[in-house]
Amino acid sequence: MKADKLRCKECGTDYPLEALFVCDRCFGPLEVHYSHDGELDVPGLRRRIQGGPQNVWRYADFLPLVGGPPGPSNRLASRAGLPAGCTPLIRADRLAERLGLREVWVKNDAANPTHSFKDRVVAVAAARAKELGYDVLACASTGNLANAVAAQAAALGLRSYVFIPSNLEEQKIIATGVYGTNLVSVRGNYDDVNRLCTELSADRDWAFVNVNMRPYYAEGSKTLAYEIAEQLGWEIPDRIVAPIASGSLYTKIARGFQEWIDIGLVEGSLPVMNGAQASGCSPVANAFAAGQEFCQPVKPDTIAKSLAIGNPADGPYALDLAKRTGGRIDSVTDTEIREAIGLLAQTTGVFTETAGGVTTAVLRKLAERGDIDPEERVVLVITGDGLKTLDAVRGSYTTHEIDPSVESFEASAAHLTGDAVSA
Amino acid sequence: MSVTVKIPTQLRSSAGGAAEASVEGETVAKVLDGLYAQFAELRERIAEGDGSLRRFVNVYVGGEDIRFLAGLETPVADGGEITILPAVAGG
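In order, the protein sequence lines correspond to chains A and B.
In terms of numbering that gives the first Met the number 0, the first sequence opens at residue 0 and continues consecutively.
In terms of numbering that gives the first Met the number 0, the second sequence opens at residue 0 and continues consecutively.
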């Protein structure tokens, strides 16, 4: 496969592979189009992937770089920016047992360089931006993207501008500023920041990764699907539970699976696609529940700030995908999110940020409602690290403070807690 | 009364290259009608046959999405500003 053009998802008009994101004719989103040249050697392709570097560039055949992978890298070394991807897929038997399911896997994308899946999309957008000759990266961010853009720009020696809503979690602000970016805190919510960046992108020669570079950026999320399939032994899971903010990740995971089905790298059909939103910002879940094909924007009010997009660009496509695969889009409360962060941490050892709490809480809701056949193989997509949203779990556990003596330990409640302890 | 309409890059070729236009009108719908009167090509680019906006077009009055206000019937003050932007950004 080779990227050969951008194509409007709505009206099919073609455009060259430049920094364009909107169709001039109908305002629809542009998406990267690939061509096949000749007969595909599937076993050869599989071997090439398996022999590739331990990062997203092992899937370079399915990514929109014109000049191939951005520099030589092998299994252990990367000479082209921060190496994203190849994160662990963890069998979560204790979580499955708690939920009455047989087989649950956790795709832990917190294990990326800046601790969220955004390193994938930024790796692709930044590499394409360099091909197009840009020397400034920029983004509108709910936090995770801010970390990823600032870090990738530092790794590649590019300048960067990062625009965030001013009420962001402190951890995400610090973990952006440290990379030496131009950090701009906007008095408004994410949708305000996004509108501002859309206006700014028109008159500045910058690569806004999620505005004018969005078609390339979005392709990076497909690598989550490729990895899941490869890690499951070239098989497609029965069900995916993934978070929805703009709907880009959710729809691109499906596109990744579909591409591999189409060329015969894997067999079967798309997984049932379950989308997860927080009740405090659930325009896509609301539209799904109402049977609508489009989303009414909302004003976000949730602890899941990385999902707090009230005006989701890919909302209509997310709704279509959920229906097409027999899935659903559900929402969960802030209390359910907090509980689910604890559930995941205590059954798998994976500490996720609030977005992962949303996803885990929706999995729990689906299981409790009986929507999941116990025989299914389910993959839970965890997109970010719990250290990014510490306030969500503050006070959710007990610390036993004692003097440094055996007597003090035995006099405290500490020796009574936990399964393995006996006094 | 006059309102400034900010035109996104993608539409400027249909607006004689202009980045903004000055239009009369008391509501978003009336301002857009005035805009289409100046640049006829713009209507089919952003509006459906019934006059409603295409689904990937966002319109803001004073920085606020008109879907949080009164939609196309949102009033616009004299000297106010309307911004048209593509919806498919971000995330």
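Worth double-checking, as some hints may not be accurate.
To be verified - What follows is a list of derived Cβ distance ranges for each label pair:
#: 1; chain 1: B; residue 1: GLU23; chain 2: A; residue 2: ARG203; range: 27 to 33 Å
#: 2; chain 1: B; residue 1: GLU72; chain 2: A; residue 2: GLU234; range: 50 to 56 Å
#: 3; chain 1: B; residue 1: GLU63; chain 2: A; residue 2: ASP372; range: 20 to 26 Å
#: 4; chain 1: A; residue 1: GLY43; chain 2: B; residue 2: SER12; range: 41 to 47 Å
#: 5; chain 1: A; residue 1: THR332; chain 2: B; residue 2: ASP49; range: 35 to 41 Å
#: 6; chain 1: A; residue 1: GLY341; chain 2: B; residue 2: ALA17; range: 51 to 57 Å
#: 7; chain 1: B; residue 1: GLY61; chain 2: A; residue 2: ASP3; range: 39 to 45 Å
#: 8; chain 1: B; residue 1: GLY62; chain 2: A; residue 2: GLY394; range: 36 to 42 Å
#: 9; chain 1: A; residue 1: ASP372; chain 2: B; residue 2: ALA18; range: 26 to 32 Å
#: 10; chain 1: A; residue 1: ARG186; chain 2: B; residue 2: GLY70; range: 48 to 54 Å
By construction, these hints were calculated from the structure, which means they are not laboratory data.
Bear in mind the structure is a predicted one, so any value in this text is a computation, not a measurement.
Even glycine gets a Cβ: it sits at the ideal position worked out from N, Cα and C.
Each hint tested on the structure:
1. B:GLU23 / A:ARG203: 27 to 33 Å: 32 Å, holds
2. B:GLU72 / A:GLU234: 50 to 56 Å: 53 Å, holds
3. B:GLU63 / A:ASP372: 20 to 26 Å: Violated, since B:GLU63 and A:ASP372 (Cβ atoms, about 45 Å apart) do not stay within the stated range.
4. A:GLY43 / B:SER12: 41 to 47 Å: 45 Å, holds
5. A:THR332 / B:ASP49: 35 to 41 Å: 38 Å, holds
6. A:GLY341 / B:ALA17: 51 to 57 Å: 56 Å, holds
7. B:GLY61 / A:ASP3: 39 to 45 Å: 42 Å, holds
8. B:GLY62 / A:GLY394: 36 to 42 Å: 37 Å, holds
9. A:ASP372 / B:ALA18: 26 to 32 Å: Violated - the Cβ-Cβ distance for A:ASP372 and B:ALA18, about 56 Å, lies outside 26 to 32 Å.
10. A:ARG186 / B:GLY70: 48 to 54 Å: 26 Å, violated
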